[in-house]
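Protein chains in written order, with my numbering: chain A, 1 to 383; chain B, 1 to 273.
There's no promise every hint is true.
Unchecked claim - Computed list of lysine-lysine pairs in DSS-like fashion (alpha-carbon distance at most 30 Å, straight line):
#1 A:K195 with A:K213
#2 A:K201 with B:K13
#3 B:K14 with A:K201
To be verified - Pulled from the structure, derived: some chain B residues nowhere near chain A, Cβ distances all over 12 Å:
#4 D63
#5 T66
#6 R73
#7 P76
#8 T79
#9 G131
#10 R140
#11 A178
#12 R210
#13 A267
#14 L269
As the list claims (entries may be wrong) - Stretch-level coverage of chain A by chain B, calculated; a stretch enters the list once three of its residues show a Cβ under 8 Å from a Cβ in chain B:
#15 46–53
#16 68–80
#17 316–329
Hints are computed from structural coordinates only; laboratory data are not their basis.
These figures come from a predicted structure and were not determined experimentally.
The beta-carbon is built from N, C-alpha and C at its ideal position, and this holds for glycine as well.
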Amino acid sequence: MPVTKRNPRVRVMTGNEACAEAALAAGLKFFGGYPITPSSEIAEELSTKLPASGGKFIQMEDEIAAMGSVIGASLAGAKSMTATSGPGFSLKQENIGYACLTEVPCVIVNVMRGGPSTGLPTMPQQSDVMQARWGTHGDHPIIVLVPQSVAETVELTIRAFHLTEKYRIPVILLMDETVGHISEKITLPDPAEVKIYERQKPTVSPDEYLPYKHTESDIPEMASFGTGYRFHVTGLCHDQTGFPTNDPVEIEKQMLRINRKLERYRDDIIEVETAGDADAEIGVFAYGSTARSAKRAMLMAQEKGIKVSFLRPRTMWPFPDREVLAMGEAVKKIVVPEMNLGQVAHEIEWAVRGKAEVVKVNKINGEPISPIEILAAIEKAVQ
Amino acid sequence: MDNFDYTTFLREKKFPLIWCAGCGHGIIMKAILRAVGRVGWDQNDTVMVSGIGCSSRMPGYVDMNTLHTTHGRAIPFATGVKMANPDLHVIVITGDGDATAIGGNHFIHAARRNIDLTVVLLNNTIYGMTGGQVSPTTPRGKKASTASFGNVEAPFNISGLAQAAGASFVARGTAYGAVQLSKYIEKGLLKKGLSVIEAMSPCPTVFGRRNKMKSPVEMYDELRDQSVPVKKAATMSEVELEDKIVTGVLTDVDKPEYTAEYAKLIAKLGGSA
Numbered sequence: 001m002p003v004t005k006r007n008p009r010v011r012v013m014t015g016n017e018a019c020a021e022a023a024l025a026a027g028l029k030f031f032g033g034y035p036i037t038p039s040s041e042i043a044e045e046l047s048t049k050l051p052a053s054g055g056k057f058i059q060m061e062d063e064i065a066a067m068g069s070v071i072g073a074s075l076a077g078a079k080s081m082t083a084t085s086g087p088g089f090s091l092k093q094e095n096i097g098y099a100c101l102t103e104v105p106c107v108i109v110n111v112m113r114g115g116p117s118t119g120l121p122t123m124p125q126q127s128d129v130m131q132a133r134w135g136t137h138g139d140h141p142i143i144v145l146v147p148q149s150v151a152e153t154v155e156l157t158i159r160a161f162h163l164t165e166k167y168r169i170p171v172i173l174l175m176d177e178t179v180g181h182i183s184e185k186i187t188l189p190d191p192a193e194v195k196i197y198e199r200q201k202p203t204v205s206p207d208e209y210l211p212y213k214h215t216e217s218d219i220p221e222m223a224s225f226g227t228g229y230r231f232h233v234t235g236l237c238h239d240q241t242g243f244p245t246n247d248p249v250e251i252e253k254q255m256l257r258i259n260r261k262l263e264r265y266r267d268d269i270i271e272v273e274t275a276g277d278a279d280a281e282i283g284v285f286a287y288g289s290t291a292r293s294a295k296r297a298m299l300m301a302q303e304k305g306i307k308v309s310f311l312r313p314r315t316m317w318p319f320p321d322r323e324v325l326a327m328g329e330a331v332k333k334i335v336v337p338e339m340n341l342g343q344v345a346h347e348i349e350w351a352v353r354g355k356a357e358v359v360k361v362n363k364i365n366g367e368p369i370s371p372i373e374i375l376a377a378i379e380k381a382v383q
Numbered sequence: 001m002d003n004f005d006y007t008t009f010l011r012e013k014k015f016p017l018i019w020c021a022g023c024g025h026g027i028i029m030k031a032i033l034r035a036v037g038r039v040g041w042d043q044n045d046t047v048m049v050s051g052i053g054c055s056s057r058m059p060g061y062v063d064m065n066t067l068h069t070t071h072g073r074a075i076p077f078a079t080g081v082k083m084a085n086p087d088l089h090v091i092v093i094t095g096d097g098d099a100t101a102i103g104g105n106h107f108i109h110a111a112r113r114n115i116d117l118t119v120v121l122l123n124n125t126i127y128g129m130t131g132g133q134v135s136p137t138t139p140r141g142k143k144a145s146t147a148s149f150g151n152v153e154a155p156f157n158i159s160g161l162a163q164a165a166g167a168s169f170v171a172r173g174t175a176y177g178a179v180q181l182s183k184y185i186e187k188g189l190l191k192k193g194l195s196v197i198e199a200m201s202p203c204p205t206v207f208g209r210r211n212k213m214k215s216p217v218e219m220y221d222e223l224r225d226q227s228v229p230v231k232k233a234a235t236m237s238e239v240e241l242e243d244k245i246v247t248g249v250l251t252d253v254d255k256p257e258y259t260a261e262y263a264k265l266i267a268k269l270g271g272s273a
C-alpha cells in the first residue's frame, strides 16, 4: 500500500476539542475559565494552545470572575471567550448581563448537562435553553447558537465570534453534553481562510467619540482601552456618552436601541436547516444532538410512507418564529423532541398561533432521545 | 501640595461629586491622582476599574480609561484588562463591602496570583450607598441599619488579609493623613505585583450619625487619634493596639508577578503576543 500524505486538518476529535480549535482559528486571544464538567476540555485545550499562539489563558477563582475577566479583556481589544456548564452558567449570568448592557463582544460556551443544581454532570439535557435567553435580569439582547455535531461546532464557534464582533451582542454557544463529548471526523478550517467580522473601530477623533452613539446602524463604534479614547463603561443605564443617566428619554433610547439590534438584523443572525417533504402533514422541530435522532426518525417514517418535514435551528435566539410559523401553516402537527420538559415546545406553540398542534417528546433522565421514540410520536401523530 | 494640576485627571463636567459632605473619598481620590501625577503615567495608558458602592463611583470623575463594573467584581475585570494588554497601568478602586464581602474571593486570589494591579480599598466600615448596613469591617458594637443593637460580628483586618493572601505590597493610610497616603499609593503604583492600599475613610452620613459622632470634624480627629505608625505599633501590645489603626507600609516584597510570568511562558512556547 502506498502511503498517502494525510491532511493534518482532517482529524477525529470531540465537540469540546473542536470548539477550542475553532475559537483559535477565529482569532481568540483571551480565555478566562473555571473547571466544570462537561466543558472542561475546552479550557484544557486552550490552556496549552493559547499561550503557544501568543494568546492568554487564565483559570479564575470562580465562574463569576471568569466572565468578568472575559469582559475586561474584550474592552482591552482581545477576542474573548469562556466555557462552562449548568451551575457555572448560572453564576456567569450577572456579568453576562453587564456585557449585554455595555455591548461588549464576547462568546460564552455552555455545554448543557442535566439540571437543576448539580444535577447530572456527565449526562445530557437541553434544559438551559430558556436560561440562555433569559438567564440574566432585565430586558436584554442575546444571540444563542445550537450546534448538532462536532463539524457544526466548528462552524458555529467561528460564527459566534463573527456575530458578537459585528453586532456587539454577547453570543452563547449552546452545546449539549452529547455534542461536547462525541468524537467525529472533521476537517478543521485553515485559519488563514477564516474570515470573520472585526469590531468597528472609531472613525472619529477621541474628542468627537461617543461610545454609545445612536448611529444609523444602531451599532456604535468601539474603541479599546489604551488607544487614546478615554471613555467610561458602566453597568448603570447610560446615555450616548457612556456616563450614567436618569433621564427617561435617554434611557429609553439606549434600551430600545440595544434590543432593536436583534430584530433589525434577525435575517442575518438566524440560520435554520430545513428538510423533508414539502407536502407533509407532520413537521419535526429539533435542535442540538436531538436533531440527529429526529432526522433519523424522519427517514424511518418516510420509509413507512409517512410524509414528514423537518426544521432545525442553528440559531435558537433570536427565535426563528417566522420559519416556525411557515411550518405551522404547512403541517397539521409539529413534533418537538427535546431533552427538557418542553421549553422550546412552548415557544413553538406561541409562534404557530394555533395553526398546528404541538406534540411534545421530552426526556430529562440523562439519556438521549432515540430515533425510535421520536418515530413513535410521529406515527401516533398521523393517526 | 506643590503645583499639581488636578484638572488634567478630572472630568470636571461630571461634578458635583456624588459623595456626601465630610466623606473621605474625595480626599483619597486627590491622593490617588497626585500619586499618578508623580509617577508620570499617561492617562491614555491608565485604566481605573471599580465595583459597586460609594467609592466605586470614583472612575466616573477621573479622566482615564474607566470601567465601573458589577458588585465585587472589579478585580476580575481588571485582571482581564491587564492580561489582554499588560502595557496598561491598572488601578482598582473598591470598598470594604465590595472587596471583602461579595468580592472577597477575587481579592484574596488576586493577592495570591500577584498580578500587577494597584488596589486602593476605601474602607469606611459601612455600606454607604445602600443606606448604612453593617459591613465586614464594621467594628464590633457599632451600629448600622442592619445592626440596630450594635454589630455582634468581628471585623476583618483587610491589610492583614491581603498580606496573608500573598500581595507583594500592602499599606494602610487614612483620609486624615492624605499626604502619607498618597506616598503609599505611589509606592503601590510602582510595585510590580498586587498592591493593596487600605485607605480609611470617614462616613459621617450613615456611620457617624448612627454612632453618636457629632460631626465630620470629630470623625477626622478620631482617625488622627487612632492612627499609629507601623514602627511605633511594633513596640505596643495587642491590647494597646485594640481600636488603633496601624498606618504605613506593612509589606513590601519582590516576588514573581503574574503577567510577567505568563509572558515568559508565551516566549518559552514560541508564541508571540
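For each hint, the structure was consulted:
1. A:K195 with A:K213: holds, 27 Å
2. A:K201 with B:K13: Satisfied, since the Cα-Cα distance of roughly 26 Å is no more than 30 Å.
3. B:K14 with A:K201: holds, 26 Å
4. D63: violated, 6 Å
5. T66: Incorrect as stated: the minimum Cβ-Cβ distance to chain A is 5 Å, not above 12 Å.
6. R73: Violated, since 4 Å does not exceed 12 Å.
7. P76: violated, 3 Å
8. T79: With a cut-off of 12 Å, B:T79 comes too close to chain A, as the shortest Cβ separation is near 5 Å.
9. G131: Holds, because the least Cβ-Cβ distance between B:G131 and chain A comes to about 18 Å, which exceeds 12 Å.
10. R140: holds, 29 Å
11. A178: holds, 25 Å
12. R210: holds, 27 Å
13. A267: Given that some Cβ of chain A is not farther than 12 Å from that of B:A267, nearest at about 9 Å, it is violated.
14. L269: violated, 4 Å
15. 46–53: As far as the stretch 46–53 of chain A goes, the hint holds, because 3 residues have Cβ atoms under 8 Å from chain B.
16. 68–80: Satisfied; 12 residues make the cut.
17. 316–329: It is violated, with 0 qualifying residues against the three required.
Hints 4, 5, 6, 7, 8, 13, 14 and 17, counting from the list given before, are not met by this structure.
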